[in-house]
Structures are given as C-alpha cells and as structure tokens.
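K.L.:
What follows is each chain in one-letter form.
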Amino acid sequence: MTLVKTQKLCAAEARVTRVEHPCRAHVRLHFALPSFPKSDPGQFVQISAHPNRDDAPRELCWPTDEMPRPMMADWSAEDAFLRRPFSLADRRELADGRSELTVISRAIGRGTRWLDSLQIGDALNISGPLGRGFRLPAQSDTCILVGGGVGIPPLIYLARQLCEARFSDVVVILGAMSRDLLPVVLTAEPACNGAARECVLLADGVSYPSIVATNDGTLGIRGLVTDALREHVSHAGILADHTHVFACGPERMLHAVAEQTRALGLHCQLCIERMMGCGMGTCLSCVTAVNDASRPAGWRWGLACGEGPVFDRDRLKWD
Amino acid sequence: MNCATPNATDPRLATDLCGVRLRTPILTASGTCGYGPEYADVLDYRRLGGFTTKSVTLRERPGNNPERIVEVRAGMLNAIGLANVGMDRFMVEKLPFIRTMPTAVFVNVAGHSMDDYVRVAETLDGADGLAGIELNVSCPNVSDGLMFGTDARLLRELVAAVRGVTRRGKLIVKLTPNVTDICDLARAAIDGGADALSMINTYVGMAIDTQNWKPMLANVTGGLSGPAIRPLALYLIHRVYRGVAREAKIPIIGMGGIQSTRDAIEFFLVGASAVAVGTALFIDPTLPVKIADGLCEYLESKNLQSVSELIGQVKLPA
Ligand SMILES: Cc1cc2nc3c(=O)[nH]c(=O)nc-3n(C[C@H](O)[C@H](O)[C@H](O)COP(=O)(O)OP(=O)(O)OC[C@H]3O[C@@H](n4cnc5c(N)ncnc54)[C@H](O)[C@@H]3O)c2cc1C
Ligand SMILES: Cc1cc2nc3c(=O)[nH]c(=O)nc-3n(C[C@H](O)[C@H](O)[C@H](O)COP(=O)(O)O)c2cc1C
Ligand code: FES
Chain C
9 MTLVKTQKLC AAEARVTRVE HPCRAHVRLH FALPSFPKSD PGQFVQISAH
59 PNRDDAPREL CWPTDEMPRP MMADWSAEDA FLRRPFSLAD RRELADGRSE
109 LTVISRAIGR GTRWLDSLQI GDALNISGPL GRGFRLPAQS DTCILVGGGV
159 GIPPLIYLAR QLCEARFSDV VVILGAMSRD LLPVVLTAEP ACNGAARECV
209 LLADGVSYPS IVATNDGTLG IRGLVTDALR EHVSHAGILA DHTHVFACGP
259 ERMLHAVAEQ TRALGLHCQL CIERMMGCGM GTCLSCVTAV NDASRPAGWR
309 WGLACGEGPV FDRDRLKWD
Chain P
1261 MNCATPNATD PRLATDLCGV RLRTPILTAS GTCGYGPEYA DVLDYRRLGG
1311 FTTKSVTLRE RPGNNPERIV EVRAGMLNAI GLANVGMDRF MVEKLPFIRT
1361 MPTAVFVNVA GHSMDDYVRV AETLDGADGL AGIELNVSCP NVSDGLMFGT
1411 DARLLRELVA AVRGVTRRGK LIVKLTPNVT DICDLARAAI DGGADALSMI
1461 NTYVGMAIDT QNWKPMLANV TGGLSGPAIR PLALYLIHRV YRGVAREAKI
1511 PIIGMGGIQS TRDAIEFFLV GASAVAVGTA LFIDPTLPVK IADGLCEYLE
1561 SKNLQSVSEL IGQVKLPA
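Residue numbers (the numbering used here), protein chains in the order written: chain C, 9 to 327; chain P, 1261 to 1578.
Calculated from the structure, these hints are not laboratory results. Note that the structure is predicted; figures quoted are calculated from it, not measured. A few of these clues could be false.
To be verified - Examples of chain C residues toward chain P, derived with CB under 7 Å: (1) R91; (2) V178; (3) C200; (4) M283; (5) G285; (6) M288; (7) T290; (8) S293.
What the hints assert, rightly or not - Within a straight-line C-alpha distance of at most 25 Å, the following computed DMTMM-like cross-link-like pairs (lysine to aspartate or glutamate) qualify: (9) K1430(P) <-> D1469(P); (10) K16(C) <-> D1304(P); (11) K16(C) <-> D1301(P); (12) K46(C) <-> D1301(P).
To be verified - The calculated label-pair distances, taken between Cβ atoms and stated as ranges, are: (13) W326(C) <-> A1508(P): 50 to 58 Å; (14) K46(C) <-> G1386(P): 35 to 43 Å; (15) P1491(P) <-> R270(C): 50 to 58 Å; (16) V1480(P) <-> I128(C): 20 to 28 Å; (17) Q1573(P) <-> Q127(C): 41 to 49 Å; (18) T25(C) <-> G1453(P): 54 to 62 Å.
We put the beta carbon where it would ideally sit given N, CA and C, even for glycine.
Using the sequences and the hints given, assemble the complete structure.
P.N.:
Structure, rendered in structure tokens:
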C-alpha cells in the first residue's frame, strides 16, 4: 500500500520479488512497488526494517478498559533503528504497471543482515528516490565506470541507463578483494591482461566490455581498479575532454580515482557514502567538505544526501 | 468502535497551547525536521499540530566535524553542533517558506550569550507568520550550550530578557535533562516568563569504537535520543508537571523517543499538553499524522471529547 506519494518522492511498502546471491558476500534484492517516481542512477533509497508496522492502528479497535495495543510493536534490541541507505542498483517497469527496484547489499551489521534474510513476498518500507545522481554526458562521449566492492551497485544502474540511451563507448572496471566478493554474474572469464571484454552480466540484458581486478588475483588482473584504470586509459588512446569517469567505492579508491582523472584531465563524477540519519536533509549528519568560493574559508559542509551522493570531482574538497 | 473517518483535523484533537490554537497536539521536534521544505513532499502540514525549526543562532555555525551521529541500541547519539545558516540568512532563505506552512511554526533559538538570544528573539518577534520561539538552552553539543540550561539563576535572567523582547509570539523554554533537579530549572523558566516548557532535549552520552578505541563521534560526546530515553523523559515530565507546571498553569510539550500513539498517550497522562516527535521522523516523517489519527481512535474508544481529558490523569497509587 502506498502511504504517501508525490511526484518526486515516495514512501511506500514494497514486496520482494526476487532474491539472488551473485557472490558469497552480497545479496541482490528485487522488490516491486505500485509505482515509483522518476529516478537516476546514483540516487539511493532508505530502507526500513519495520515495514508498515506503524500503520496497524487503522484496523485496530481500542479495547475500552485496557491500554491500547502499541501502534508499532516495540522494536527488539537487535533491530536496526534508523533506516539504511542503499544505492539503486537497477530499476525496471513491470508489465503489470508496478516498478521493480533492485539493491545489492553486503551484510555487515544489523540492518544489512536483516536484508539478507528477506525472502520472496516479504515486505519492506522504501523511501526514495533520494539525493542527486549521475549526470549523463553527450551520447558520443566515452564513459568509464569504476566500481569497487560495495560501490558497484550504482554503476550497474548507470550501465542500464547508458545502455537504454544507446551509449556505445562504455567500459566497466570492477574491483573486489577476491573472486567470491564480486557482486555480479560472470558470463565469461575476465581477461588477466587487463583487456576489456564482455564477461559480466551487469543487469538483465545489460553488458559492456569489462575489466575485473581483484586484490588477490583470483579473478581478472591482480591489483586495484585504479591500476586497471591507468592501464586502460594509457592503452585506449582516449580523448580526455570527451571521457567521463564515474566511480563509486571505498573512500581511498575514490581518492585515487580523483587524482588520476585530474592528472589526465578526464571528467569525473564520484558517488560517496556517508553515515546517514534521515537521507532527507533534516538531521545534518551526512556532511562532506565541498569547495565553495563564496565562503571566506573557500569551503563548507555539504550534505551527501542532498547535494550528493554524486559529486563532480572538483566540487569535493580533498585533504 | 473506530472513528468513522480517522482524521487529524478532528475537533477533539484541537488543542490550545498557551493561547496558540493547534489542530492536533502533535508537533515536530527541533533539529529533526529542518526548516519545512525538507519534508514538504511527504508530510501534510495541514494535518500537523505544529512545527519547530532547527535551532537558529545569531551567526552562522558550520557545525561539528563528522562523524556527527551514531546509532545505538534503541536510539542514536548526535553531535551536529547547531549547524545553521545564522539569523540573517534564516530571515531571507528560510522564513519565506515557513510563512507559507499551514501549521503553527515555532522557531528554535540558540545562543552563546544573553545578548545573542535577545537579538535573535527580537528579530523573530518582528516577523509575521510565526507562532513563537522555543529557547534552546539545552544543547549538549556545543561547548557552552548547557550553560543557561543548568544554572537556574542564569536561566531565569535569560528567559526574562528574552521575554522582554518577545511581545507578539509565545515563548517556549526547552529544558535539558542533564541536571540534578529539573524542577528548579522549570521554575526558573516560568519565573522568567515562559509561556510553555518543552522537554526534554537529549541526554549526554558516548559510544566507543572497540576496534580503534576512539570515540564514534568526532565531538567525543553526543546527545542520546530515541526510544532509549522515553521512560526517562516520561519521568521528568511527570515530576515537572506535579511539582511546578500544573500549579503554575504552564503547559508542557513532551518529547523523547515518541514513536506511536501509545507513547504519546503516556506523555499526556503524566501531564504533557502536547507532544513532539523527533528522531522517529527520520524513520517515518508522516508519523505525527499517524499518531493524530491513532489518538482520534483512542478518544473515540474511551468516549472522551478532547485530549485535555487525558492530561495529567495518570492514576497513582493512593
Ligand atoms: C548513499 C549510500 C548508498 C549506499 N549503498 C549501498 C549499497 O548499494 N550496498 C550496500 O551494501 N551498502 C550501501 N551503503 C552502505 C550501507 O548503507 C551500510 O552498509 C548499512 O547502512 C550498514 O547497516 P547495518 O545495520 O548492516 O550496519 P551497522 O550495524 O549499523 O554498522 C555496521 C558498520 O557499518 C557502518 N555503517 C553504518 N551505516 C553506514 C552508512 N550509512 N554508510 C557507511 N557505513 C555505515 C558502521 O559504522 C559500522 O562500522 C550505502 C550507503 C550510503 C550512504
Ligand atoms: C539529529 C538531532 C538534532 C537535533 N537538533 C536540535 C536542535 O537544533 N535544537 C534543539 O533544541 N533540539 C535538537 N534536538 C533534540 C530534539 O528536538 C529532541 O528534544 C530530542 O531528540 C528528544 O526527542 P526524540 O527522542 O523524539 O528525538 C536534536 C535531536 C536530534 C536527534
Ligand atoms: S542524512 Fe540526514 S541530512 Fe543527510
């Protein structure tokens, strides 16, 4: 049931439609909602582990002489309290008119373990789409998608959008610690020499030439995605001014991608992660330093959930 | 037994809070709902009792370094550090939207010195479209934030000074639980001329990362909010209502971990005239409307004509 819906934002109950385990560490959840506003890759949703419990009193009849039953069952101590942010990893419109969203989650704590336990038909409460996503360049430009580990999900949705917009010059560089931590389905063995080849099924029907790097060398090249990026750019003979790098991953990786792309003069957008309390700009917790010439100090705190999570490289202040 | 149409604008929910007509007794708490535009897409302000803005200070404050929040069992710690654009920009950038909001709006004011508070309060009192101000004398996350909130003499002086420049709007004083005897502070606020009390702000707390032995918050300490503090908040409201506010006929806006209709009813029963939802808005911004709907059903089931029939009616042992 949709609780609230406007054109920009919806907070609604979704039902799990498919559960996949692309690798040991990640679960790929698909869930359907009656509808979902327009969204962009890089935007995220906030997921609550308490699907609509708070909605219960509509059907309740308060007993006259007893205390009423709580609207929300008291949450058990192990339950995650706040919502948890997840990048949209895909989105499709279903034949029956519903929207199907995908997130890929790595179980690291209370909330993500709960997501991991969900089964088809289970309910979860979604609000979104939130934040600002990736901005697409000209269709003829070169796009390089660089994803590290748990930063891969938004790039999958981006690949879907590039595919639908008929971008043809796209290369995907994916990295993980090890083979069984890479949250995608392989259709062929990735090259160990850094050559881009179609070996990854990014999303249903979406595939682009890809390079895979693992820290331990169990898949693709041994090393970091930034090694793969440097290697690829030096061989591919790209036009710097018409090349856009889109990256998401651990902070250190983003740092390295920022430095590399700056040195090479490539455009670059980075999707960052911050601790988020609300995802809607009210708690002011998700700050990151952004350059702002209009401020005396030359910078200010920007909200990752509002101005981001995707930022142009030069907007972020690196220390 | 159910209300024919559960409706947050049911007349039984209409509440008079120190002379301000509220559609429902459910408000939003400062710092958890921004300045209005943030939730405009999801929360129907026509069905909200009242809205309290994030704290405004005389000068802009960038706020603390991250991490600024951490989730803990049954709640969260925050050390935002009163990040806000400052009064001048507030008047230009935030107030125009606030004026269009179809609900009673209270602007929360914080400061470093008596003079800071007075200047901000005076400016706001001159602005149209506000129901009043809420004095935040209880922020635990700035170095001198608790100064006024923990010293009864200072608090009385501050409230009296702000009272002097608050002629059109109502003056609410928000109390901190981080004191030995909250009744002393409540009395001081009332003596200074407060129209209402709101309570409580957050409890000072800490969380440590056991991997690297560092505090989870850059500010080291933070304010604990959420269901973890609900019983504590309930108790302090109970004390202030019985000890000070009932006799002085000063209403209390109760807050601290409210997440459901049931929680809100508990607060009314110990003496709150209205309640505010804070941290729980992060999980569901529409909660104040749902609580109002639930309250309407509850009144129906108990055959009550108004929320005022609940206030302070907890049945204590003889
Ligand atoms: C915009 C955005 C997009 C994200 N997209 C994805 C995604 O697509 N897939 C995915 O698996 N994860 C994603 N994350 C991270 C995900 O939100 C956290 O892993 C999750 O909130 C942890 O919840 P938990 O209850 O399992 O962990 P907790 O038990 O709360 O904490 C476990 C650990 O995770 C850290 N943590 C908690 N919350 C966050 C957070 N919001 N960001 C970073 N670290 C956190 C804690 O500090 C702690 O070390 C994203 C985060 C953001 C901000
Ligand atoms: C992230 C956050 C920011 C807050 N900022 C303010 C503030 O600026 N001024 C203020 O008076 N109270 C502030 N508070 C306190 C709340 O208004 C409220 O008093 C407290 O959180 C208890 O209610 P709750 O448990 O429902 O959140 C803040 C609370 C949180 C969680
Ligand atoms: S997450 Fe609350 S302001 Fe960004």
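K.L.:
Confirm or reject each hint.
P.N.:
Hint check:
1. Look at R91(C): its Cβ gets to within about 6 Å of chain P, closer than 7 Å, so that hint holds up.
2. Against a cut-off of 7 Å between C-beta atoms, the interface hint on V178(C) is violated, since the closest Cβ of chain P lies about 33 Å away.
3. This hint is violated: C200(C) has a C-beta 35 Å from the nearest C-beta of chain P, more than the 7 Å allowed.
4. Here the hint on M283(C) is kept, as its CB sits about 6 Å from the closest CB of chain P, short of 7 Å.
5. Nearest Cβ of chain P to the Cβ of G285(C): about 5 Å, under the 7 Å cut. The hint holds.
6. With a cut of 7 Å, the hint placing M288(C) at the interface with chain P holds, because the nearest CB-to-CB distance is about 5 Å.
7. Restraint check, T290(C) versus chain P: the minimum CB separation of about 4 Å is within 7 Å; hint holds.
8. Checking S293(C) against chain P: minimum C-beta separation of about 4 Å stays under 7 Å; hint holds.
9. A threshold of 25 Å between alpha carbons decides the hint, and for K1430(P) with D1469(P) the separation of about 43 Å lies outside it, so the pair is violated.
10. Under the criterion of a C-alpha separation no larger than 25 Å, the hint pairing K16(C) with D1304(P) is consistent with the structure, at around 15 Å.
11. Distance restraint check for K16(C) and D1301(P): the Cα-Cα separation of roughly 7 Å lies within the 25 Å cut-off, and the hinted pair is therefore satisfied.
12. Taking the CA atoms of K46(C) and D1301(P), the gap is about 15 Å. The hint holds against a cut of 25 Å.
13. W326(C) and A1508(P) have their C-beta atoms about 56 Å apart, which keeps the hinted 50 to 58 Å range intact.
14. Take K46(C) and G1386(P): their Cβ atoms lie about 42 Å apart, and the range 35 to 43 Å holds.
15. At about 53 Å, the CB distance of P1491(P) to R270(C) agrees with the hint of 50 to 58 Å.
16. With their beta carbons about 45 Å apart, V1480(P) and I128(C) fall outside the hinted range of 20 to 28 Å.
17. Checked against the hint of 41 to 49 Å, the pair Q1573(P) and Q127(C) passes, with Cβ atoms roughly 45 Å apart.
18. One distance hint, 54 to 62 Å for the beta-carbon pair T25(C) and G1453(P), holds here, with the actual separation near 59 Å.
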